[in-house]
Structures are given as C-alpha cells and as structure tokens.
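Trainee: Work the whole structure out from these sequences, hints included.
As given, the protein sequences belong to chains A and B, one line each in that order.
Numbering-wise, the first sequence is residues 1 to 421 according to the working numbering.
Numbering-wise, the second sequence is residues 1001 to 1308 according to the working numbering.
What the hints contain is simulated information worked out from the structure, not anything from laboratory work.
Each residue gets a CB set at the ideal place from its N, CA and C atoms; glycine is no exception.
Mixed in with the good hints, there may be bad ones.
[Unchecked claim] Partial list, derived from the structure: chain A residues whose beta carbon lies under 7 Å from chain B:
hint	residue
1	P91
2	A95
3	D99
4	A116
5	P117
6	P120
7	T187
8	A190
[Stated by the list, open to error] Calculated Cβ distances over 12 Å to all of chain B for the following chain A residues:
hint	residue
9	P34
10	R165
11	A180
12	T214
13	A226
14	A355
15	M377
16	G397
[Stated by the list, open to error] Now the in silico label distances, taken between C-beta atoms and shown as ranges:
hint	chain 1	residue 1	chain 2	residue 2	range
17	B	N1130	A	R197	18 to 26 Å
18	B	Y1133	A	R350	21 to 29 Å
19	B	T1153	A	A31	31 to 39 Å
20	B	K1077	A	R142	13 to 21 Å
21	B	V1014	A	A222	54 to 62 Å
22	B	K1077	A	A222	28 to 36 Å
23	B	L1017	A	K353	38 to 46 Å
24	B	V1057	A	S225	42 to 50 Å
25	A	R350	B	A1273	37 to 45 Å
26	A	E249	B	Y1133	36 to 44 Å
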Amino acid sequence: MDKGVLGRRAVLATSFGATLAAPLVARSQPAGSPVRIGFSIAQTGTLAAGGRPSLLARQLWMHDVNARGGLLGRPVELVFYDDQTSAATSPAIYAKLLDVDRVDLLVGPYGTPVQAPIMPMARQRGKLLFGNFSFRANEEMRYDRYFNIAPFGATPDAWPGAFVRLAHRRGLKRLAIMVADAEGTVTLGAGARETARSLGMEVVYDQRYPFNTTEFSSVLRAVRSARPEAVYVGSFPNETAGIVRSVAEIGVGSSVQLFGGGMVGLQFAPLLESLGDAVNGLVNFQTYVPERTMEFPGIREFIDRYAVAAKAGGVDVLGFYLAPFNYAMGQVLEAAVKAVGSLEDEALSRHMKSAEFETVVGKIAFGPTGEWRDPRMVQVQFQGVRGTDVEQYRQAGRQVIVEPPELVSGELRMPFERARR
Amino acid sequence: MRSWVRFAAGGLVVLLLAALAARWLANDYLFFAAFVVLQFVVLATAWNILGGYGGYVNFGTGAFVATGAYAAVALQKLADLPLPLLVLAGTAAGAVLGSALGLLTLRLRGIYFAIATLAITIILETVVLNWDYVGGARGITLDRPHEDPFFGTYNRMLVVLMAGMAVVAVGIARWVGVSAFGRALSAIRDSEDAAEACGVPTLRRKVQAATLSGAMMGAAGAPLPLYLSFVDHTAAFGLNYAVSAMAMPMIGGTGHWIGPVIGAVLLGTAQQAVTVTISSEVNVLITGLLLIGFVVAAPRGILGWLGR
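Mentor: Have a look at this one:
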C-alpha cells in the first residue's frame, strides 16, 4: 500500500506554512480507527503528470482535516495504489480497496478509461464513487451515487463547445477540427463538431492524426489550405508540443483568427516551461487560472501552499488544472460527512445530490448524473508570456479568460498570427 | 498413458479447487488477482509453443489478446451471444490471425519475424482505433450480468472459466511437447535447414504452431472485456502482455510445458502482490530485473537451474 510516495516529505514541507497561512482553531485530536478513503491514482503511465498533483492536493486536505479534528472525530487516512493509467489494472486494485483494505469512502481513478471498469463495481457494492476528471463517465449507467469533481458538465458540448461558441460569437464561420486518434480527443472533436453544426458553422477540415505524432508540418499545411477561421485542436502533451512548435515555424495562415481549444498539456508547468513564449495567442481550456474573476475564498492560500509542497515533492509547481479540484473533493466529502453524521453511502449521496458546497474552487452543486449542475470550463488566451519562467503564470493577465462571458477577464486578441507575436 | 491420467486428475483437482474457492471464499480481491495470473498461465503457455518449442519470438501477444477481446465485443454487441460462444469466437479469431501471421511472416526468421509481430500489433491497434462499432478510441462499456447463480458473482465464474482454459492450454502444451509435432518444432528451433533436410515440413509445422498459439491467446483474450466490463485499446493491446508472456516462459524454462506455468504463477503472483504493496513502478522493475537475471544466470530458466 502506498501511503506517501511523494506525500510525507512534501506535505510536511508545507505544514509550517499552512499553520501560518491559515491559522487553525485548536481542536481535539482525532482518535479511534481511521476513516479510510481509497483510490487508485496514476503515478506512472500517460496520465502520471496529472495524477501526482491530484494526490498531493488530497494529501494536503488530509493534513488539514486531521488538524481540524478529522471526520466524525476519527483521523482520515488515504489508501492508494498506482494504477499505471491502465484500465486493466484498476479492477483488482478497487477489489482490494473494498475487500482487503475495507475503505469507507471510494474515489475514482484519474482518467476516463481507467475509471470505466470501476463504475459497475461501485454500483454493485452500492458505494458512493467520487470521480476525478472522468469525462461523461456516468452518461450511460446513470448511477445515482456517482459524482465528478471536474467542472465539465453533463452535456457533450459543455467542454469542447466553449471554443466553438466563442468563435461563433466573434462571427467566425469556417471551422477546422484536428484531433488525435485517441480516447478523449476524439470525444472532444465530436463535441466541437456537434456544437458547430448546431450553430450553423461550416466544418471545412475534419481529420484525425495518429496518436503520438510529433511532426505536424504536413497536417498544418492541409489545415491552412482549407482556409479556416477557427481551428479546434484536440491533442495530448507530446502532440501539443509538436503542434505549437510547428505553428511557430510555418504558421497556420492569415485566415485563422482562433487556434487551440482542446490541447492537453498547456495546463501543466513542465510543458509551459518547455514551450516558453511560443504559447502566446493560443486559446485553450482550463479549469482555474489566477484571474480576478476566479478569486474564490481560500484558493490563493491553497495555491501558495501547494506550490511549496510541489517543489519539495518534484510535482507540477503550478497545479492549476487538477490540484484545487482535488482539494475541493476533500472539502465536499468533509462537508457531506459532517452534515449527514455518518459514512453511509446512500445518505451521503442523497445529501450531495441536494446540497451546495463551498470550496476553494467556488460553489459546487451536482446535477442528476453527478456532473456539475453548472459547468464551468473556461477558455483562456495566453498573452504576454515572456521566456520560460513558469512563475509568471501566477500573475493575472498571462492566461486571460475569454469564455464563458460571465468569467471573461480580458480582451481576446485576434487574428491568431498577430496574437501570437 | 498413466502420466496422462495423472495430468487429467491434477487438472480436475485444480478446477475443483477453483470452483470451491469461487463458491465459498469471501474475498473478491483474490479472484481479481487470480484471473490475471490464470490468464498469464494461458498466454505464457501459448507463447511457449511458438517461442519455446519452435524458437520464433512473438512480440505480438497483445495483438492476439486484443483480437480475442474485440471478437467477443463485436459478437456480444451484434447478437448478445452466450459466453462459451464468445470464447469460441475469440479462439477462432486468434487462430485466423495466427495462421495469417504464419503464412505472412514465417518465411522471416529471427529478429525479422519478431519485428513483423510488432508491426501486426500496431496495424491491428490502428484498425481498432478507427472501428467505432467496438468503441474505437474511446473504448466500450459492456452490459454484462453482475450475479452468477452458482458462484455468486460473474467475475468468480470468469475465474473458474479461466482456470478451465489454463488446464486445457497446459494439456495442449504437454501434448505438443511429447508429440511428433513438438519434435518437429524442436528440430526447427535447433536448425531449420537441417530439419527441412530431414524431411520436416517446416512451413506447415510453423503455420500450425502459430495457429495453435494464436488460438490459445485469442481464447485468453475473449473474457477480458467481460472481466473489465469495459475495454479500450490501451487495455487490450497492453505492452505488459507481450513482455510478461515472453518473460514468464523464460523465467520458468522454455523447454518443458511446466516452465511457463511456473513462470506465470511466480511472476504473475509477484506482480499482483507488488502492485498493491510497494508500487507499480517496482512491479515493472521486478519483471525487467528477473528477465535480465535469468537470461544471464539461468538461460534455461528455473527448470534448467534445477537441473531437469
């Protein structure tokens, strides 16, 4: 059992800072058998870059909740294993969590395919399952004890549609869609296509490229020849790096006003550091950025504490995309257990369906399928990025929110060729 | 003849123990772990027929597992066939792929054959990625029963099924080891030209071995989507299948039917234990270190080391 692969050193590194940043009211020490929260989390494999910040954020929450007296007066313990980002590994791990470790609460793995085999198991055992950024995992099963901490929303276009709606609002009519031939990005492409169709936009280019492609000059030339006004890209980190570099070298044509949308990797510090100012002008999805329209109570303090722990643990130092939401997951569970007064799955689920939760990522309420009732994926435009220092992303104005309208924090720069200079 | 009776009795005991455990043991985790280990017994045994007896290294185990898995998915979606027919379909699909591999690439030897098996994996994965009917890149969730009237849960029943498949696979490997077919494969492994000169129909035997090996791998892959309730290309074409199916016979010993069984039980159990005790990174490291250690210190595996 892993109980601190990166956690102890990193979490201890922040404990002093945490005490200063958020003085805690002295509470009685939690006692008795621990409340065990079990999950698998990618520490290796393709999603490890996201799994490690998620884990660190949960460990920070565990530290905080235990300092507040634990859950129901008992200390909280995280029981977790590395699933290698593999759907073939997760069923055995969750069987162990349930039958051998006998965890009280169950959190899903990071990533949609890794979680898919867990859904039937959770339903069969009647366990509450808190998903970690799985995309529409409960759409078919509609399990009434499933919840997702990601702000994706339940409709297929809530996430990828934001980019297309932005393009449509700006009067753009010709859309190109280029996505990796893989889980996730194909779904994103389908959502973008559906939104474009519903808005009456013309899709002038719609192709998949092989997963893990790194050289994109021929693909970009084909996109360019279609003369689109907006280009929706669904890519994974290696491909994102290849696309950004190819765009910097050969451009994408003067017709393009907006470029980006679904590029995975631009949410994480290592890729931002590697790409430097080549990201300027790109419009892309995010869940949280330090802009004035996303100043939720406690988020600044959390991000600062996370940064200290991340540096000590060798994890993504920004952690904007996943870490606050994984901390919020703990806050939701904490509030629900406190309100219900037990760890009983049915009672907790019933409460979570009806209540609204105050968290570091704002207020969260869940809809019928367990997704956020009010989706809140944002599209940001990289502006004024200089050099490769990722610390600049802690300032407002580097990732300017341009969609949805109620969260807009700055002016969208177009066309793309001008915006990226 | 007496040894076959003993083997059959041993196989029946294994099946009986699996059935009794499925009926009476309370811990479901053991069954999830046992499914993986038993699946590796089948895969390692199947790999050994072509790789151990015949000397042709197959890096495409993942392709065969996926062929069986996706054949089952397609037929379940198309006609909602019962499990035995899905396993038969997976077996047939694996056999067809095996014979195609034999016909296409068995004229290649050594490293060229190994590269061709890798290429087949890549080709098939690309086909699956673009075949939306079986989930394409997104994967597919299967609606299968959770309960089983006799064993309690469907997964427990799958473990008993996999135990049966392991017994049959080992029985086939045992027969190959002592038959003229097996001796022909050994002759091919030692010197293909000499075997040909002695009158061994090498191409036919190699195609037969590839077909048999492929059929067994396809059979092992067929229950996978039902075990997971979901399948996607990363789960079905996992590199772990190729590496482990090759490492297990090499660790146990490739010259005898029991070698892959020893390797699969030891390495498979160690992998399962390490995954939930130390970490998965160490799990992969252990496989690699054991493989290197055995190749260097005991090239004939545990059996050779024990002097059999």
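Trainee: Among the hints numbered above, which are violated by the structure, and what are their numbers in rising order?
Mentor: Checked against the structure, the hints that fail are numbers 8, 11 and 18, while the rest are satisfied.
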